[in-house]
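Protein sequence lines, in the order shown, are assigned to chains A and B. For the first sequence, counting from 1, position 30 maps to 30 in UniProt numbering; every step adds exactly one. For the second sequence, counting from 1, position 35 maps to 35 in UniProt numbering; every step adds exactly one.
Some hints could be false.
One side of the interface only, derived from the structure: several residues of chain A facing chain B at Cβ under 10 Å [to be verified]:
id, residue
1, L13
2, N180
3, E184
4, L188
Across the chosen pairs, the derived CB separations fall in these ranges [said to hold, decoys possible]:
id, chain 1, residue 1, chain 2, residue 2, range
5, B, V18, A, K177, 28 to 36 Å
6, A, G179, B, K39, 38 to 46 Å
7, B, A42, A, I26, 32 to 40 Å
8, A, C14, B, L63, 44 to 52 Å
9, A, K15, B, L63, 18 to 26 Å
10, B, G60, A, E8, 24 to 32 Å
11, B, A30, A, L125, 22 to 30 Å
12, B, S38, A, L90, 37 to 45 Å
Honestly, the hints are just simulated from the structure, not real lab data. Everything numeric in this text was worked out from a predicted model, so none of it was measured. Note that the Cβ used here is the ideal one computed from N, Cα and C, for glycine as well.
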Amino acid sequence: MKKVNTLEFSVLLCKSLYILIALMAIGATVIFIHLQMDPLYYTRWNVSFLTQKGILSYSFFESWHTDHTKANSLIALDKIKVTSLYFNYLQIIGILTLIFLTVKEFLKVIESVKLIETFHQRNILSFQKMCKYLFVIFILSSITIVNAQEANLYSYSLRFTPIILSLAALIMAEIFKQGNQLLEENQLTI
Amino acid sequence: MPIIINLDVMLAKRKMSVTELSERIGITMANISILKNSKGKAIRFSTLESICKELDCQPGDLLEYQAI
């Protein structure tokens, strides 16, 4: 009974994540469209694109060029050039789509565990897909290119969270592969 | 698998059908079929014992090793 409750909670969490991702994608799209229609509205919206320093991130290369000497590294949204805006929008949408697909695969695994089909072949494929998606998220999230009217930022910094999760998914795929072999052996023992 | 199960040979010798054997030893037809076609990965001693008892034979009469 406790196991079922835990699984139900996980399913609920995944579905909540779906909604959150959808809201974030809609929010990003609304800002992206509105920014091009009415740039003056975003004059006071200052965003920092610099890599946050932390244990799970490492900055390889960060180049910050500015025409004015600024104490902070904030860029007003309306000052970002159109090409850079498109690049950043597509990057955000790409990452959100991949997170959505990862959560979808995870939900499939949970649903199969609920049906007591834990070591089924499709769960191995799900974990392998999750590994690929998380690796692409790792690549996408490491690149930052922002061209604004007064400043340019080029950065390549590694965020380790997606790569750790990707490796965990790969290990889980291998564990499930072994589990699947044991299940087949058990089923074919007469 | 180089291990061949000569269940069909023994069944023919004893003039017994697969259905009859499955009913006597309490194993499904699907599992008997897996055994007969050498698709199985392992066989329990209890199953082997039941088959030997019903067919009045030795395990060696049922199992055969063929080098590939």
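Now the hints, each set against the structure:
1. L13: 38 Å, violated
2. N180: 13 Å, violated
3. E184: 7 Å, holds
4. L188: 4 Å, holds
5. V18/B - K177/A: 28 to 36 Å: 34 Å, holds
6. G179/A - K39/B: 38 to 46 Å: Hint violated: Cβ distance 21 Å, outside 38 to 46 Å.
7. A42/B - I26/A: 32 to 40 Å: Taking Cβ atoms as reference, A42/B and I26/A lie about 55 Å apart, which means the hint is violated.
8. C14/A - L63/B: 44 to 52 Å: Hint holds: Cβ distance 49 Å, inside 44 to 52 Å.
9. K15/A - L63/B: 18 to 26 Å: The hint (18 to 26 Å, Cβ to Cβ) is violated, given that K15/A and L63/B are roughly 53 Å apart.
10. G60/B - E8/A: 24 to 32 Å: 54 Å, violated
11. A30/B - L125/A: 22 to 30 Å: 26 Å, holds
12. S38/B - L90/A: 37 to 45 Å: With Cβ atoms ~55 Å apart, the hint is violated.
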